[in-house]
Amino acid sequence: MRRVIGAVDRALFEEWRVSAHGLAAFRIFFGLSALLFLMPNFSWVTTLPGALFRPPLGPMRLVRSLPPDVLIHGTRIALVLCLTALVVGYRTRVVSYLVSALWLFGAGLAFSFGKTDHVVLPAILPALFAHSGWGNEWSIDGSRKRVSVVRTWPFTLFAICVGVSMAYAAFRKLEAGWLRTDSHATLGHLIRNVMVHQREDYLATRAMRIDNRLLWEASDWATVAFEASLLFAWLRRSTTRAWACTAAFFHLFVTLTLNIPFVGNVFAYAAWLPWTSIASRIQVWIPRIRSLRIPAVIGVLALTVSAARSRVSVGFRWLDAIPGVDQLDAATFPIVVAVIIAGATIVHWIWRMLLKAQRSQRSASAG
Amino acid sequence: MGGGHGTAPVERRIIRILAAIALLALPLELLIARKASEPYPALAQPPFASVPAERGIAYVTVPDVVLRYGDGTTEAFSPDDLFPRIPQIKTALLAHAVRRLRALGDDDISLREWFYERATTISGREDVEALEIRWTRREIHLGTGRLIRTSVQRVHPVPRP
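Top to bottom, those sequences are chains A and B.
Each residue of the first sequence is one higher than the last, beginning at 1 in the numbering used here.
Each residue of the second sequence is one higher than the last, beginning at 1001 in the numbering used here.
Hints were generated in silico from the structure; no laboratory data involved.
Mixed in with the good hints there might be a few duds.
[To be verified] Computed Cβ-Cβ distance ranges for the label pairs, DEER-style:
#1 B:1146 x A:4: 51 to 59 Å
#2 A:210 x B:1129: 54 to 62 Å
#3 A:210 x B:1012: 46 to 54 Å
#4 B:1077 x A:179: 34 to 42 Å
#5 A:280 x B:1055: 40 to 48 Å
#6 A:65 x B:1102: 30 to 38 Å
#7 A:213 x B:1150: 19 to 27 Å
#8 A:4 x B:1132: 42 to 50 Å
#9 A:179 x B:1151: 38 to 46 Å
#10 A:7 x B:1055: 26 to 34 Å
#11 A:213 x B:1034: 44 to 52 Å
#12 A:362 x B:1034: 56 to 64 Å
#13 A:50 x B:1137: 46 to 54 Å
[Unchecked claim] Some chain A residues flagged as far from chain B (calculated, every beta-carbon gap over 10 Å):
#14 58
#15 192
#16 265
#17 346
Quick reminder that beta carbons are idealized off the backbone N, C-alpha and C, glycines included.
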């Protein structure tokens, strides 16, 4: 027993090492990823009849009826603001908890219509890292000396949470009979996705025609084994990272065949990247890319235009926070232009804030 | 560089308890999912907890909405037609709607009213007399993807409010 507790203690408190700048780099990376790609879209619930509202089992059941539209849109706008505050590191600890709470609540609204998606990992990540000290550097908190001790246990705790959530999927598959040799569950789901949900992109229809029972059964077994494996791998940093690498390929395979992109998970696994060395490289680059400020703004502008043109469905999910933006068409071009200008201004403001924070950091250390 | 050497004993204890809670969530969630339904929020990834294929045949069930007009003709619409611009799986939404219709019964006719309003919109006709949700089962040969058989499994009529 003592050996087990020792191993768990080592995993929790000694396995991971990261600098304050490393944590800050991860905070900015995660915040921007959430704003651009991951933020849950739940504004559409306002278009459905209230009688369809039936929250899933859990605290969401306390919400007796579909909240008014203003609260739903307000939640989304609040989430955008909190994520922006997280990126610039303003009141980082409180904002981290708020992001998780708003994310889970908003997604919970979307899941109250018969289908629960599994986006919990990026949603809980900010709360787990709230006390990590990820707001110490490259932040408003840092420039105002509102810093805390750097803690690394959130990396392990997050690995445990990912391990448990993946193991949940593995055990449910075991119960359902995925390992029965005549099941070919992966192929069955592939066919269902193509035939029922019209998910025919990438390799879906080609994969469906592969008539190799052994391969499909091996795929069932490999899926269950892989999903259960992080339940043990979290004890070591090296095995956690190896698992995350495998997971990236696993999710790629799932995207190519089943057309289910678990983008949120992949961004969440980024927590285990070597952020200290990434941050030290960024510190070298910052003075160099400073002169590229204008091209960077133009680049972001171009990206925003392309996102707006693709009806904001691919990226830039934060635009959905503006009620009615998903109804945009060519006739509402002035609104699109206004949004682009606002987006570019915010990015420019964040950029200046980061530079200012770094300058004050330097002058403080020089003084 | 942050590490764990300086972590206070009280904090260590709290973190150990949090780790234990996270690990214990697994059997608890599995139990709740088995006895009732999947909880939310939960540390859970998609279980795909069904096996829609057996002995070389995949079984898929597809719902659609069938409208009967005043002149006796019928027309079928897919869940995509019923729920446009909804980024959810529409078949799951329609299945949920059927469950809600059953649960609400005659206590709340707003959902039935909504169905008939949508039926008028998607068909472009004012003479929708009856609406039903029909589940069709398709049997597909694994490997070749050939459709072997289709059969109507069940029909859920939605009476006019």
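Cross-check of the supplied hints:
For the hinted restraint 51 to 59 Å between residue 1146 of chain B and residue 4 of chain A, the CB-CB distance of approximately 53 Å keeps it satisfied. Under the hint 54 to 62 Å, the C-beta atoms of residue 210 of chain A and residue 1129 of chain B, about 47 Å apart, miss the expected range. Against the hinted window of 46 to 54 Å, the Cβ-Cβ separation of residue 210 of chain A and residue 1012 of chain B comes to about 51 Å, which satisfies the hint. For the pair residue 1077 of chain B and residue 179 of chain A, the beta carbons lie near 39 Å from each other, so the given range of 34 to 42 Å is met.
For the pair residue 280 of chain A and residue 1055 of chain B, the supplied restraint of 40 to 48 Å is violated, since their beta-carbon distance comes to about 58 Å. At roughly 19 Å, the beta carbons of residue 65 of chain A and residue 1102 of chain B sit outside the given window of 30 to 38 Å. A beta carbon spacing of about 24 Å between residue 213 of chain A and residue 1150 of chain B agrees with the range 19 to 27 Å that was offered as a hint. Distance hint check: the CB atoms of residue 4 of chain A and residue 1132 of chain B are about 59 Å apart, inconsistent with the given range 42 to 50 Å.
A hinted range of 38 to 46 Å is violated for the C-beta pair residue 179 of chain A and residue 1151 of chain B, which are about 29 Å apart. Taking the beta carbon of each, residue 7 of chain A and residue 1055 of chain B are about 45 Å apart, not inside 26 to 34 Å as hinted. A hinted range of 44 to 52 Å for the beta carbons of residue 213 of chain A and residue 1034 of chain B is inconsistent with their spacing of about 30 Å. Distance hint for residue 362 of chain A and residue 1034 of chain B: a CB-CB separation of about 58 Å, consistent with the stated range 56 to 64 Å.
Checking the proposed 46 to 54 Å range against residue 50 of chain A and residue 1137 of chain B shows it is violated: the Cβ atoms sit about 32 Å from each other. In this structure residue 58 of chain A is not separated from chain B by more than 10 Å, as the shortest Cβ-Cβ distance comes to only about 5 Å. Some Cβ of chain B comes within 10 Å of the Cβ of residue 192 of chain A; the nearest lies about 5 Å off, and the non-interface call is violated. The beta carbon of residue 265 of chain A is not kept farther than 10 Å from every beta carbon of chain B, the shortest such distance being approximately 8 Å.
With a minimum CB-CB distance of about 25 Å to chain B, residue 346 of chain A clears the 10 Å threshold, and the non-interface call stands.
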